[in-house]
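Student: Given the structure of chain A, go ahead and fit chains B and C onto it with the hints provided.
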Amino acid sequence: MKRQILILASLFAIAAMVFAGGQQDTEEKMILKVAEQVPNLITPGSWDGQAFSLNGSIYDYLIEMDADTGELVPALATDWSTPEGKVWTIKLRKGVKFHDGSAFTSADVKFTLERTQDPDLGHLKAQDFEILEKIETPDDHTVVITLKEPYPTFNFIFTDYNMAILSSEYDYVSKGESAPMGTGPFKLENLIPKESALLVKNDSYWAAGLPKADELRIYFVPDIDSSVSLLEAGQVDIVPQISPVIKRRLEALDGFKVLSPYQESRFIAMAQDREPFSDNKVRLAFKYTMDPEILAKACQGTLGKEIFYNETPIVNGLAQYKEIPFRGRDINRAKELLAEAGYPNGLTVEFFYASDHPYGTDIAQTVKELAAPAGINLDLKGFPRDIYLSQHWLNGPMLLTGWGVRVDPSMLLMLAYHSEGPWNESHMNNPRVDELIEMIRGEVSPQTRQGYYDELQDIFQEEGTVINLQVPYLVGVSNAVKDYRQPVTMLPQLKYATIE
Amino acid sequence: MDFLKRFGKRLGFMVLTMIAMSFLIFFLVEIMPGDVAQTVLGQSATEESVAALRARMGLDDPFHLRYLRWAGGFIRGDLGESLYMRGVQINTIFWRKVGHSIILALTALLFYVPLSLFFGVLAGVKAGKVTDSIISFFGLATMALPEFVSGIILITIFSVRLKLLPITSIIPIGENLWQNLNILFLPALSITFVMFGYVSRMQRSSMITVMKADYIRAAILKGMPRNYVIFRHALKNALLPTITIIGMNMGWLFGGLIVVETLFGFPGLGSLTMSAIKTRDIPLIEACVLFITFIFVLSTFITDMMYAYLNPRIRFKRGDV
Amino acid sequence: MKNWFLQFKQNPRGIVGLAVLLLWIFAALAGPAFLTHTYTGMDMESQLTGPGVNGHLLGTDALGRDVFSRIIYGSRSILTIALMTSLLSSIAGIIIGFTAGYFGGTVDTVFLRIMDILMAIPPLVLSMVVLGILGNSTIFGLTIIVSLAYTPATARVARGALLTCKGNEYVDAARIRGESHLYIMFIEILPNTIGPVIVEITARFAYSIMMIASLGFLGVGLQPPTPDWGMMVIENKSLILEAPWTVLYPSLAIASLVIAVSLFSDFISKVMIHEN
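Protein chains in written order, with the numbering used here: chain A, 1425 to 1924; chain B, 91 to 411; chain C, 22 to 297.
Just chain A, with the same shape it has in the complex (with noise of 0.2 Å):
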């Protein structure tokens, strides 16, 4: 008897539990529920500090970008010029709030500008500002800053996910992680870390009409890929940064779709400052393996509609690239240069990427797969990326890497093709390079560093240490969301966006 009371008072339990569960949402309130990776770290500027719709909803930046046209939109500055890019002026919106009532002032903008020099901070662009001299402040709504030579390309870089303008008031040392604050369209409510985010309107945004949404909250899930089953479920209406076999699964589906705001470079970098890709020859063995059409397929996608190849680090999207025909795979030709190079019978290279970052792992071993009919043996060495990035970046013979699509490539051929580089993940060195690289920055005229930019993609088709594929940047949203916005700077324009 006693027994047969147990189980079906189990039974009940069970019952009640499947069918229990799910809260209704009967307020007026308009909330947009977004997924979003489980970041390490939420500061901005912190080395890892990928969570992009909590901190593009939370911090304003300097400048916007116009996620149709690419287009610099002012939003913190209202304005900003330069003579010749060594003195750039800017000027600052007025009767701006942050979160916590201070005014925001030029002495903020100088805090987030002086704090990337912080070593105590590893600030993401510290070397990006290394250019600067000295920052002035004359007035509450005025910045002029000063480089140490010209660069009229400047602007661009307020407009990177990591110049959140923060309040030179606020300690974000010790409240950074826990109780971040800016003067963006949310507020950051209630922050539980590692697992969600509640933010609301903030009232008094300097943008009228906007933030669309009375709420968002954000969920940080651990597999971004099982996420898709909450937005089946209705239980978050966006996800970004989901992986391309998601996307087929989530097309097939009624009610929702799949955006590309953006395409990222994945890149593929041979190590020149040591063997077996100091010698030249042996590169271009490497680059006579690959199939673009197989890669393309090895990520879901497309050769010419969603991805793209090419041996340099200029993207197909901006005005600066230059076409360039692929050489086209041969196996055979591969084999005679690697017998040229000294490696008769082939050679084995350790080959380093991130593992859990979207496309990595498809991508390494296709790459495995396409070389090893030349004798190149790759041996893959995946880790997870911030183990990958803090240990062995930088470091390995042959690497495969993330990058977001800089706005103004000089940017990011300063940082990682120029011999001194910090980030010269391929360690290239390559005088005439450099040559060209600094001439782009300093060049005024268009249509000069037009004609730097083609002499440097020959040179790297020709000699270079990077193969560059392109892939889409995938979104998946609910049919019921309109106008959701993410230009090539990552961050979502959260504010814009509306649910049915």
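Fair warning: there could be bad hints in the mix.
What the hints assert, rightly or not - Below, computed lysine-lysine pairings styled on DSSO-like, alpha-carbon distance capped at 27 Å:
no., chain 1, residue 1, chain 2, residue 2
1, B, 219, B, 302
2, A, 1549, A, 1599
3, B, 95, B, 326
4, A, 1549, A, 1534
5, B, 216, C, 30
6, B, 312, B, 302
7, A, 1521, A, 1558
8, B, 302, C, 291
9, A, 1518, A, 1625
10, C, 291, B, 219
11, B, 312, B, 326
12, B, 302, C, 30
13, B, 216, C, 291
14, A, 1906, A, 1729
15, A, 1518, A, 1534
16, C, 30, B, 219
17, A, 1572, A, 1558
18, A, 1636, A, 1521
19, A, 1625, A, 1521
20, B, 253, A, 1681
21, A, 1521, A, 1549
Claimed, not checked - Computed footprint of chain C on chain A; a stretch qualifies when at least three of its residues, placed anywhere within it, have a C-beta under 8 Å from a C-beta of chain C:
no., region
22, 1662–1672
23, 1720–1726
Hints in this document: simulated from the structure, not taken from any laboratory. Note that the coordinates shown come from a computational prediction; the quantities given were computed from them, not determined experimentally. Idealized CB from N, CA, C, for every residue including glycine.
Tutor: Frame of chain A, contents of chains B and C only:
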């Protein structure tokens, strides 16, 4: 008197184990390669800044000092500050997740204990017959499955075919676990599979042993109804060893939670541990692993005490019974 | 011999277990020779196609790789590592456990306490933490670490086995003869404890398979493209609604192997206990 002595001894051993374990865990995690300061600052950080951060984090202090600092804080209930997420107190994120995991563990318990006991007894009573074969095989099969395999099978049934439950779940903002009990179902069921096999087999063999005892056979021979004998006499004694098994498995269950929570994305201690390892957040790793160990040791201790209490031979030890 | 036949007849489950295990061993050793596809070959015409399509027996994964080939090839690594782990942990356990049981006294108490303490961390947690922090796993690394995690348990079993034999006459006889401790432990006692030892090895084998599959699932398994069954499950988990075969078949492979080894281990245990 003996019971108290045993209690004291066991308690002392538990404390000793915890101290030794804390030392071991601390040591193990600290000697691992990978510099957390480097991870925080990234690769392009200069040597000086990494060294400075290490000094600020207190990573350069001698080993025993760091250990004492950590252990001392722990005892006071202060789990320390997350090394990776500076400024975030581990306490704020830790206990919430632990709570979720405890609820999950208890749910699994609620599922598997009645089921295992019932079927174990049934198999024992009908030993050698078809019913027994079926139950035993089922028990062996489920015991052999790693939790994530049973989890996948469950997902295939409930999410893919029946479309009853989602493959991953969140607790909507503003709600707590109690309002979302359906996310417990599949994870708890996965754990149940493994536990069922183990416990039902134990219960079966214990039942068989007891049924063979003289006083049982005597009672049956005397003409008492078989079922009455089973329920009134045999069962009580057969349950005792099973209680031991259930108790011990509580600790083991916590270890298995890591797999289950990862599979279902359940926001508990298991996923927190995974996340901590990925970011090499040393204080967080230490807190998680130490806590799991603590539950393990505690459950062994409680089980042992319960067994001693319930077993009249030990409780009322006056020489031979 | 006759005894064995009788045992087998009385325990059909044991036969089934052994048969499946042998099947997997055969698959591991000779299987790759029969495969129509390689385990890394990417058939870009058939990405995520179902079982039976385009000549892929169990379908393909997102990169067009044949699931069947990957499973067959994956059986090699899991069997190798599990076997090595069970042997290594058993050997280490025997050495430690025998020493403790044999010498008794303080040595034994100390050993016992240390083993008890080490057993306080669930082996999966310990292995996962160590491997997770190390960042990436090799066959060697996995074997060593899982063996270490299991040694306290095997040591206890070994100790128990030795204690049952310690009082026997042949031990005393050997002592009187003046044989060394090592001799007594390993030449006299070990053969007589072979029963429980073998049972322990087979049981450990089953646990090791589960452990390695679980570690693969948690992301600390062998590097791609080596087909680690556990990793195959986690890599394709998000595709379970779209391409369930990529997850289901590796899971069933794991299940069948573990169940087979468990059945076999169960059977061995019955036989050995029967004999003793």
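Student: Among all the numbered hints in the text so far, which are the ones the structure does not match?
Tutor: none
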